[in-house]
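Q: Letter by letter, the chains look like this.
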Amino acid sequence: MRTSSPSHLKALKRKLREDALYKGLFTLSAFVSSMMIIIIIIFITLKGIRPFLPNYEFGQQNLWAFLTGMTWRQDQAVYGVAFIVINTLISGFSALLIAFPISVLTALFIVKIAPPLLSKSIETVVEILASIPSVVYGVFAAGTIVKLVQNLAMLGQIQTAGGNSLLAVILLLAIMIFPTITSLSMTAIKAVDKDLELASLALGATPTQTNFKVVLSSAKSGIFAGAILGLGRAFGEATAVGMVAGNKMFGPSFNPFDITRTLTTTLLAGLKETTGLDYDIRFSVGIVLMGVILVSNLAINAFKNRIGTIK
Amino acid sequence: MKKRNTQDNLLKALVYAASSLSLLVLVALLSFMLQKGWGSLSLDLFTRPYWSEPISIEYPSIYPGEFESPTDLPEGAVFSEAYGFALIDSTNPKKEAVLELVYLDPNSPLNHGTNIQAGHEGEAATVVVGYWVDKIGYMNTKGVVRSSGRIVGQNAQKTIQALDQSVSLENAYVQTKGGGIVGSLLATLYLIFVSLLLALPIGISTAIYLNEYAKRNMLTSWIRSSIELLTGVPSIVFGLMGVLVLFPITALFSAQGTSILLGGLTLSVILLPIIIRTTEESLKVVPQSFRDASLSLGANQSQTLFKIVIPSAIPGILTATLLGIGRIIGESAALIYTMGTFVSDDPKLLKGATSLAVQIWSIMSGDQPNFALASAISLVILLIVLILNFSVKLLAKRFRKVW
Chain X
8 MRTSSPSHLK
18 ALKRKLREDA
28 LYKGLFTLSA
38 FVSSMMIIII
48 IIFITLKGIR
58 PFLPNYEFGQ
68 QNLWAFLTGM
78 TWRQDQAVYG
88 VAFIVINTLI
98 SGFSALLIAF
108 PISVLTALFI
118 VKIAPPLLSK
128 SIETVVEILA
138 SIPSVVYGVF
148 AAGTIVKLVQ
158 NLAMLGQIQT
168 AGGNSLLAVI
178 LLLAIMIFPT
188 ITSLSMTAIK
198 AVDKDLELAS
208 LALGATPTQT
218 NFKVVLSSAK
228 SGIFAGAILG
238 LGRAFGEATA
248 VGMVAGNKMF
258 GPSFNPFDIT
268 RTLTTTLLAG
278 LKETTGLDYD
288 IRFSVGIVLM
298 GVILVSNLAI
308 NAFKNRIGTI
318 K
Chain P
2 MKKRNTQDNL
12 LKALVYAASS
22 LSLLVLVALL
32 SFMLQKGWGS
42 LSLDLFTRPY
52 WSEPISIEYP
62 SIYPGEFESP
72 TDLPEGAVFS
82 EAYGFALIDS
92 TNPKKEAVLE
102 LVYLDPNSPL
112 NHGTNIQAGH
122 EGEAATVVVG
132 YWVDKIGYMN
142 TKGVVRSSGR
152 IVGQNAQKTI
162 QALDQSVSLE
172 NAYVQTKGGG
182 IVGSLLATLY
192 LIFVSLLLAL
202 PIGISTAIYL
212 NEYAKRNMLT
222 SWIRSSIELL
232 TGVPSIVFGL
242 MGVLVLFPIT
252 ALFSAQGTSI
262 LLGGLTLSVI
272 LLPIIIRTTE
282 ESLKVVPQSF
292 RDASLSLGAN
302 QSQTLFKIVI
312 PSAIPGILTA
322 TLLGIGRIIG
332 ESAALIYTMG
342 TFVSDDPKLL
352 KGATSLAVQI
362 WSIMSGDQPN
372 FALASAISLV
382 ILLIVLILNF
392 SVKLLAKRFR
402 KVW
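Protein chains in written order, with this note's numbering: chain X, 8 to 318; chain P, 2 to 404.
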């Protein structure tokens, strides 16, 4: 009766204990990984609302004044975030407006229209653009886009702060979110049912008509997912935008040649002390940033459902 | 029919135009970086500190000798026949005039002095080509010690002229060549090490849990979506999280304020979703029959995992690592909050430092952005990122096994 010998049983028990131990470890890791987002939200929220509570040690701030204020002056401890939110929305959505059509057309080109070799090379170009870190884009923008804007302003006899401007931010962001939207659109277009295309062609539509009217509208969901991700990147982009924004102290900035200030550049600007109101209020700006991203995601989703059934 | 054709061609032209824009941007970016940064790119850049260090040297009254000027001196350089070195008018990154040492005879007395800089007293002072010469003290024919050099407003021509008529060499004040990236390079390596050390085990374990253990239920899909949500969080928010949540952990190791450790911990959170997703993809393609065969041979579940499943998923884990390194090298916003922006030439794990990307931010955000160095570092980063991307592709091709 070998199976019931004590040593064999012992080995079996050890193996089972081992299994349980590893299962426990893996489960714990998964738990930790999934808790991170909750930890981020809870901790930043708790820290960010502190300046507005009565027992705040550096003097309670007025929440209403913070949310509706049109001036941000570190030196005078005046913190109003409303115009910064407007600036962030303007620069983000304008960048999306420029990048979205170009991205979708490029994705269509790569997946459906281009001959194999050309398709492969443009795809590689998009991949390389996607992997370029944001500071590198920042240096590029500070050296070229800013000059471009400056020249443009000189043509129109407009004053600029050396080219640092809303327009420079928009162009920079459009370049930066282009690869994100393109690669998600490509995935969506690739996933379109071949039968749909064939049906369209069989009904006498040209390949181009099929691409624009059947393929793109079928891939709509994925394409808009790309737009959402791109917009999130535009709102959250910090260092590159910080190099060309100029950090205006009041606003909002509607003139494309005027300097601007976004939520992220505010977070980066003048970071010196690690205590005090000026530091704590940055976490409040962090909450606002996350709120802006969340709300605009919902807005794009609603927009997508609306244009859902045109074709 | 004709109308349809023109419409089609118009749309097609639009598509071609849009797609060529991406190429245009890439070419513009690369040529800008090459144009601005190529000149600063040299092997020396990788081993040189960022801050230039002053050295004060005293000479034991060295009398002038007779030196021959080399034939390959750069244009504008002035040679001192009395002491065997050459200076050229140049500017430092702050655009201030400096005198740069461009040639040093092996027998030049310039290298025979003693260091009297506080902290290095009595050491033999070495002078190397590339140093900036602020001042050289000499004795004139009346027996009075005088100063020459940039400190008294002289250019290379005037400085050498004064020296060649001197009686002896008395002292010098020079600055080592700065503007290097050795500190940031080291700090980046530290960062890669720390963040992968944490993110790889946790990320791989999570992927194993999701693919091997998790049941298809609400809890699992909740775990998945909360990990997916991390991808959409802006990196600067990770920075805020780092100083808030992870700083107490680094404080246990007695780190004060920003540190490489804190930056590494923060980055490990940023890397989690990338590592989890890539690893899980590679676990998914390991055929179920492998697991069944192992289990039916009497191996238990953990043996099956460690001896069969994970080894088959190694290429995927390697890909995750490479993608992670790419992300670490490019990250800036989160690190500005957690590691600070002060460039350190001697990075320590528990002290603040800059990675390559943050050094770019640091030198670009001052009053006088240093495009040359920023572009040179950008080129280095671009090269590394391109190599990583290429390796990932190669890896995917090489290990795309058909089971």
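Incorrect hints may appear among the rest.
To be verified - Pairs of lysine-lysine, DSS-like flavour, derived with a Cα cap of 27 Å:
#1 X:K220 / P:K178
#2 P:K216 / X:K22
#3 X:K197 / P:K398
#4 P:K136 / X:K119
#5 P:K285 / X:K30
#6 X:K127 / P:K13
#7 P:K398 / X:K22
#8 P:K136 / P:K178
#9 P:K285 / X:K201
#10 P:K285 / P:K216
Claimed, not checked - Each pair of labels, with its calculated beta carbon distance range:
#11 P:K349 / X:N158: 44 to 50 Å
#12 X:G277 / P:D347: 38 to 44 Å
#13 X:G277 / P:V153: 35 to 41 Å
#14 P:S43 / X:A84: 32 to 38 Å
#15 P:S43 / X:R21: 57 to 63 Å
Said to hold, decoys possible - Short derived list, chain X residues pointing at chain P, Cβ under 10 Å:
#16 T34
#17 A37
#18 M42
#19 I44
#20 I56
#21 F59
#22 L60
#23 P61
#24 L104
#25 L136
#26 G293
#27 M297
Derived from the structure by calculation, the hints contain no laboratory data.
Please read these numbers as outputs of a predicted model, since none were measured by experiment.
From the three backbone atoms N, C-alpha and C, an ideal C-beta is built for every residue, glycine too.
Q: Work down the list of hints and note, for each, if the structure agrees.
A: Results for each hint:
With a CA separation close to 62 Å, the supplied pair K220 of chain X and K178 of chain P exceeds the 27 Å bound. With a C-alpha separation of about 22 Å, the suggested pairing of K216 of chain P with K22 of chain X holds against the 27 Å cut-off. Distance restraint check for K197 of chain X and K398 of chain P: the Cα-Cα separation of roughly 20 Å lies within the 27 Å cut-off, and the hinted pair is therefore satisfied. Distance check on the hinted pair: K136 of chain P and K119 of chain X sit about 68 Å apart at the alpha-carbon level, beyond 27 Å; violated.
Restraint check: the Cα-Cα separation between K285 of chain P and K30 of chain X comes to about 18 Å, which is no more than 27 Å; the hinted pair holds. In summary, the hint linking K127 of chain X to K13 of chain P is supported, as the alpha carbons are separated by about 18 Å, within the 27 Å threshold. Of the pairs offered as hints, the one joining K398 of chain P and K22 of chain X is violated, with about 37 Å between alpha carbons and a cut-off of 27 Å exceeded. For the proposed pair K136 of chain P and K178 of chain P, the alpha carbon gap of about 15 Å is at most 27 Å, so the pair holds.
At roughly 26 Å between alpha-carbon atoms, K285 of chain P and K201 of chain X fall within 27 Å of each other, so this suggested pair holds. Note on K285 of chain P and K216 of chain P: the hinted pairing holds, with a Cα-Cα distance of about 15 Å set against a maximum of 27 Å. Distance hint check for K349 of chain P and N158 of chain X: the Cβ-Cβ separation is about 46 Å, which falls inside the suggested range of 44 to 50 Å. For the hinted restraint 38 to 44 Å between G277 of chain X and D347 of chain P, the CB-CB distance of approximately 27 Å leaves it violated.
Between G277 of chain X and V153 of chain P the beta carbons are some 38 Å apart, a value that agrees with the proposed interval 35 to 41 Å. Checking the proposed 32 to 38 Å range against S43 of chain P and A84 of chain X shows it is violated: the Cβ atoms sit about 47 Å from each other. For the pair S43 of chain P and R21 of chain X, the beta carbons lie near 60 Å from each other, so the given range of 57 to 63 Å is met. Proximity of T34 of chain X to chain P holds as hinted, the smallest CB-CB distance being about 6 Å (cut-off 10 Å).
Taken as an interface hint, A37 of chain X checks out: its beta carbon lies about 4 Å from the nearest beta carbon of chain P, inside 10 Å. With 10 Å as the threshold, the beta carbon of M42 of chain X comes within range of chain P, its nearest partner Cβ sitting at about 8 Å, so the hint holds. A distance limit of 10 Å between C-beta atoms decides the matter here; for I44 of chain X the minimum to chain P is near 5 Å, and the interface restraint holds. Hint status for I56 of chain X relative to chain P: violated, with the closest Cβ pair at about 13 Å, above 10 Å.
At about 17 Å, the closest approach between the beta carbon of F59 of chain X and any beta carbon in chain P exceeds 10 Å, and the interface hint on this residue is violated. Here the hint on L60 of chain X is broken, as its CB sits about 17 Å from the closest CB of chain P, past 10 Å. Nearest Cβ of chain P to the Cβ of P61 of chain X: about 22 Å, over the 10 Å cut. The hint is violated. For the restraint placing L104 of chain X at the interface with chain P, the shortest Cβ-Cβ distance is roughly 14 Å, beyond the 10 Å limit, so the hint is violated.
The criterion of a C-beta within 10 Å of any C-beta in chain P is met by L136 of chain X, whose closest approach is roughly 6 Å, and the hint holds. With a cut of 10 Å, the hint placing G293 of chain X at the interface with chain P holds, because the nearest CB-to-CB distance is about 5 Å. Proximity of M297 of chain X to chain P holds as hinted, the smallest CB-CB distance being about 6 Å (cut-off 10 Å).
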